[in-house]
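Kindly generate the complete structure, drawing on both the sequences and the hints.
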Amino acid sequence: MKIRSSDILIVIIRYGTDISASPKFEIVFFCQLLASIVGISAITSVDCTIMTIILHVAGQFKLIKTWINKIGIEINREPIHLEKFEIDLFKCIRHHQRIISAVNDINNLLTPILFMQLLTSGIEICLSGYAMLDNGAALIDIMKFTSHFISMAIELLLWCWPGEILVHESEEVGHVIYFNIPWYNLPPIYRRHLCLMIVRAQQYCSITALTFKTLCIQTLTS
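The sequence shown begins at 1 in the UniProt record's numbering and counts up one residue at a time.
Please note that the accuracy of each hint is not assured.
Lysine-lysine pairs mimicking BS3-like chemistry, simulated, CA-CA at most 25 Å apart [said to hold, decoys possible]:
#1 K70 / K91
#2 K91 / K65
#3 K70 / K84
#4 K65 / K84
#5 K62 / K24
#6 K62 / K84
#7 K84 / K213
No wet-lab data here; the hints were simulated from the structure.
Listed below in C-alpha coordinates is the structure:
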(Lines of atoms letter the chains of each structure in order from A and count residues from 1; the text may use other names and numbers.)
(Lines give C-alpha, C1' and ligand atoms only; values in the text may rest on other atoms or scores of the structure.)
Protein backbone atom coordinates (compact mmCIF):
# COMPACT_ATOMS: atom_id res chain seq x y z
CA MET A 1 0.00 0.00 0.00
CA LYS A 2 1.32 3.41 -0.96
CA ILE A 3 0.76 6.57 1.05
CA ARG A 4 1.09 10.16 -0.07
CA SER A 5 4.14 10.94 2.06
CA SER A 6 3.89 14.68 1.43
CA ASP A 7 0.56 14.76 3.32
CA ILE A 8 1.81 12.95 6.44
CA LEU A 9 5.53 13.60 6.87
CA ILE A 10 6.54 16.22 9.42
CA VAL A 11 8.73 18.04 6.87
CA ILE A 12 8.08 17.85 3.14
CA ILE A 13 11.41 16.91 1.55
CA ARG A 14 12.27 15.54 -1.89
CA TYR A 15 14.48 12.50 -1.29
CA GLY A 16 15.02 11.53 -4.93
CA THR A 17 13.45 8.11 -4.41
CA ASP A 18 10.02 6.70 -3.69
CA ILE A 19 9.50 6.53 0.10
CA SER A 20 5.76 5.93 0.09
CA ALA A 21 6.11 2.16 0.46
CA SER A 22 6.74 0.40 3.76
CA PRO A 23 9.21 0.28 5.52
CA LYS A 24 10.86 3.29 3.85
CA PHE A 25 8.06 5.60 4.90
CA GLU A 26 8.23 4.53 8.57
CA ILE A 27 12.02 4.96 8.64
CA VAL A 28 11.83 8.44 7.12
CA PHE A 29 9.00 9.47 9.44
CA PHE A 30 10.90 8.26 12.51
CA CYS A 31 14.09 10.07 11.44
CA GLN A 32 12.18 13.31 10.89
CA LEU A 33 10.43 12.94 14.25
CA LEU A 34 13.74 12.32 16.02
CA ALA A 35 15.41 15.28 14.28
CA SER A 36 12.48 17.54 15.20
CA ILE A 37 12.63 16.53 18.87
CA VAL A 38 16.41 17.07 19.02
CA GLY A 39 16.14 20.45 17.27
CA ILE A 40 13.30 21.71 19.46
CA SER A 41 15.08 20.52 22.62
CA ALA A 42 18.32 22.25 21.59
CA ILE A 43 16.60 25.56 20.81
CA THR A 44 14.56 25.45 24.02
CA SER A 45 17.64 24.61 26.09
CA VAL A 46 19.64 27.52 24.66
CA ASP A 47 16.77 29.98 25.17
CA CYS A 48 16.12 28.84 28.75
CA THR A 49 19.84 28.88 29.61
CA ILE A 50 20.28 32.45 28.38
CA MET A 51 17.07 33.53 30.13
CA THR A 52 18.32 31.97 33.38
CA ILE A 53 21.70 33.72 33.09
CA ILE A 54 20.07 37.13 32.58
CA LEU A 55 17.63 36.57 35.45
CA HIS A 56 20.50 35.47 37.70
CA VAL A 57 22.39 38.70 36.98
CA ALA A 58 19.22 40.72 37.63
CA GLY A 59 18.87 38.85 40.92
CA GLN A 60 22.37 39.97 41.91
CA PHE A 61 21.31 43.60 41.51
CA LYS A 62 18.31 42.84 43.70
CA LEU A 63 20.68 41.32 46.27
CA ILE A 64 22.69 44.57 46.30
CA LYS A 65 19.45 46.48 46.91
CA THR A 66 18.72 44.19 49.87
CA TRP A 67 22.17 44.85 51.34
CA ILE A 68 21.73 48.61 50.90
CA ASN A 69 18.29 48.48 52.54
CA LYS A 70 19.84 46.63 55.48
CA ILE A 71 22.56 49.29 55.80
CA GLY A 72 19.92 52.03 55.84
CA ILE A 73 17.85 50.22 58.48
CA GLU A 74 20.89 49.75 60.73
CA ILE A 75 21.88 53.42 60.43
CA ASN A 76 18.36 54.61 61.29
CA ARG A 77 17.96 52.18 64.18
CA GLU A 78 21.20 52.78 66.08
CA PRO A 79 24.23 55.11 66.12
CA ILE A 80 26.48 54.85 63.06
CA HIS A 81 29.44 52.49 63.45
CA LEU A 82 31.67 53.79 60.69
CA GLU A 83 33.92 50.75 60.64
CA LYS A 84 31.05 48.30 60.08
CA PHE A 85 29.36 50.72 57.67
CA GLU A 86 32.56 50.96 55.61
CA ILE A 87 32.87 47.16 55.39
CA ASP A 88 29.23 46.76 54.29
CA LEU A 89 29.43 49.66 51.84
CA PHE A 90 32.61 48.41 50.16
CA LYS A 91 31.07 44.95 49.91
CA CYS A 92 28.16 46.47 47.96
CA ILE A 93 30.48 48.54 45.76
CA ARG A 94 32.74 45.60 44.89
CA HIS A 95 29.79 43.32 44.13
CA HIS A 96 28.18 46.05 42.02
CA GLN A 97 31.38 46.38 39.97
CA ARG A 98 31.63 42.60 39.54
CA ILE A 99 28.04 42.35 38.28
CA ILE A 100 28.56 45.23 35.83
CA SER A 101 31.66 43.45 34.52
CA ALA A 102 29.64 40.22 34.21
CA VAL A 103 26.97 42.03 32.18
CA ASN A 104 29.67 43.34 29.82
CA ASP A 105 31.04 39.81 29.39
CA ILE A 106 27.54 38.46 28.69
CA ASN A 107 27.01 41.20 26.11
CA ASN A 108 30.27 40.33 24.36
CA LEU A 109 29.18 36.70 24.18
CA LEU A 110 25.53 37.13 23.20
CA THR A 111 25.55 40.24 21.00
CA PRO A 112 25.95 38.47 17.60
CA ILE A 113 23.55 35.70 18.65
CA LEU A 114 20.90 38.21 19.72
CA PHE A 115 21.28 40.23 16.54
CA MET A 116 20.64 37.21 14.32
CA GLN A 117 17.81 36.09 16.61
CA LEU A 118 15.99 39.43 16.41
CA LEU A 119 16.60 39.72 12.67
CA THR A 120 15.37 36.23 11.76
CA SER A 121 12.50 36.28 14.27
CA GLY A 122 11.17 39.54 12.85
CA ILE A 123 11.30 38.18 9.30
CA GLU A 124 9.65 34.89 10.29
CA ILE A 125 6.88 36.64 12.22
CA CYS A 126 6.12 38.87 9.21
CA LEU A 127 6.06 35.92 6.81
CA SER A 128 3.92 33.81 9.16
CA GLY A 129 1.46 36.68 9.60
CA TYR A 130 1.22 37.13 5.83
CA ALA A 131 0.66 33.39 5.34
CA MET A 132 -2.11 33.37 7.97
CA LEU A 133 -3.93 36.19 6.17
CA ASP A 134 -3.67 34.50 2.77
CA ASN A 135 -7.21 33.72 1.63
CA GLY A 136 -6.09 30.76 -0.46
CA ALA A 137 -4.37 28.93 2.42
CA ALA A 138 -5.88 25.68 3.65
CA LEU A 139 -7.01 25.33 7.26
CA ILE A 140 -4.16 22.99 8.16
CA ASP A 141 -1.65 25.49 6.73
CA ILE A 142 -3.21 28.35 8.71
CA MET A 143 -2.93 26.28 11.90
CA LYS A 144 0.69 25.48 11.06
CA PHE A 145 1.61 29.12 10.44
CA THR A 146 -0.30 30.26 13.53
CA SER A 147 1.59 27.84 15.77
CA HIS A 148 4.87 28.99 14.24
CA PHE A 149 3.91 32.64 14.77
CA ILE A 150 3.07 32.00 18.44
CA SER A 151 6.27 30.02 19.04
CA MET A 152 8.43 32.82 17.59
CA ALA A 153 6.63 35.42 19.70
CA ILE A 154 7.16 33.33 22.84
CA GLU A 155 10.83 32.88 21.98
CA LEU A 156 11.27 36.66 21.68
CA LEU A 157 9.46 37.08 25.00
CA LEU A 158 11.92 34.70 26.66
CA TRP A 159 14.73 37.04 25.59
CA CYS A 160 13.11 40.46 26.13
CA TRP A 161 11.31 39.88 29.44
CA PRO A 162 14.49 39.01 31.43
CA GLY A 163 16.24 41.93 29.72
CA GLU A 164 13.50 44.27 30.96
CA ILE A 165 13.94 42.95 34.51
CA LEU A 166 17.71 43.48 34.28
CA VAL A 167 17.28 47.11 33.18
CA HIS A 168 14.77 47.79 35.97
CA GLU A 169 16.83 46.17 38.74
CA SER A 170 20.08 47.89 37.72
CA GLU A 171 18.36 51.30 37.71
CA GLU A 172 16.72 50.67 41.09
CA VAL A 173 20.11 50.39 42.81
CA GLY A 174 20.58 54.17 42.58
CA HIS A 175 17.04 54.87 43.82
CA VAL A 176 17.50 52.62 46.84
CA ILE A 177 20.78 54.31 47.77
CA TYR A 178 19.27 57.79 47.53
CA PHE A 179 16.02 57.11 49.38
CA ASN A 180 16.94 54.38 51.89
CA ILE A 181 20.33 55.52 53.21
CA PRO A 182 20.55 58.76 55.24
CA TRP A 183 23.61 59.84 53.27
CA TYR A 184 23.28 63.43 54.50
CA ASN A 185 24.35 62.24 57.99
CA LEU A 186 27.50 60.51 56.74
CA PRO A 187 31.05 61.86 56.46
CA PRO A 188 31.94 63.41 53.06
CA ILE A 189 34.13 60.49 51.93
CA TYR A 190 31.21 58.04 52.19
CA ARG A 191 28.86 60.47 50.48
CA ARG A 192 31.22 60.52 47.50
CA HIS A 193 31.24 56.72 47.34
CA LEU A 194 27.44 56.65 47.41
CA CYS A 195 27.20 59.39 44.77
CA LEU A 196 29.49 57.42 42.47
CA MET A 197 27.29 54.34 42.89
CA ILE A 198 24.19 56.41 42.07
CA VAL A 199 25.84 57.91 38.97
CA ARG A 200 26.91 54.45 37.78
CA ALA A 201 23.45 53.00 38.41
CA GLN A 202 21.90 55.73 36.23
CA GLN A 203 23.74 54.14 33.29
CA TYR A 204 21.55 51.06 33.45
CA CYS A 205 22.89 47.65 32.52
CA SER A 206 21.21 45.90 29.61
CA ILE A 207 21.64 43.10 27.08
CA THR A 208 21.94 44.46 23.56
CA ALA A 209 22.00 43.19 19.99
CA LEU A 210 25.12 44.63 18.34
CA THR A 211 24.96 47.56 20.83
CA PHE A 212 22.04 49.31 19.08
CA LYS A 213 18.97 47.37 20.23
CA THR A 214 18.29 46.79 23.92
CA LEU A 215 16.39 43.66 24.90
CA CYS A 216 13.30 44.91 26.70
CA ILE A 217 9.51 44.87 26.41
CA GLN A 218 9.64 47.94 24.16
CA THR A 219 11.80 46.00 21.71
CA LEU A 220 9.32 43.12 21.79
CA THR A 221 6.29 45.34 21.11
CA SER A 222 8.03 47.29 18.37
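Check your understanding: Hey, K62 versus K84, does the alpha-carbon distance stay inside 25 Å?
Key -> holds (21 Å)
Review point. Does K91 lie within 25 Å of K70 when you go C-alpha to C-alpha?
Key: holds (13 Å)
Review point. Would the pair K91 and K65 pass a check requiring their Cα atoms to be no farther apart than 25 Å?
Key: Since the Cα atoms of K91 and K65 sit roughly 12 Å apart, the hinted pair holds (cutoff 25 Å).
Practice item. For the pair we were handed, K62 and K24, check the Cα-Cα distance against 25 Å. Key: Outside the cut-off at roughly 57 Å; violated.
**Study point:** 25 Å limit on alpha-carbon distance, applied to hinted pair K65 and K84
**Key:** holds (18 Å)
Review point. Can the restraint linking K84 and K213 be considered satisfied, given a maximum Cα separation of 25 Å?
Key: violated (42 Å)
Check your understanding: Does the alpha-carbon distance linking K70 and K84 stay inside the 25 Å limit?
Key -> holds (12 Å)
Of the numbered hints stated above, those contradicted by the structure are hints 5 and 7, listed in ascending order.
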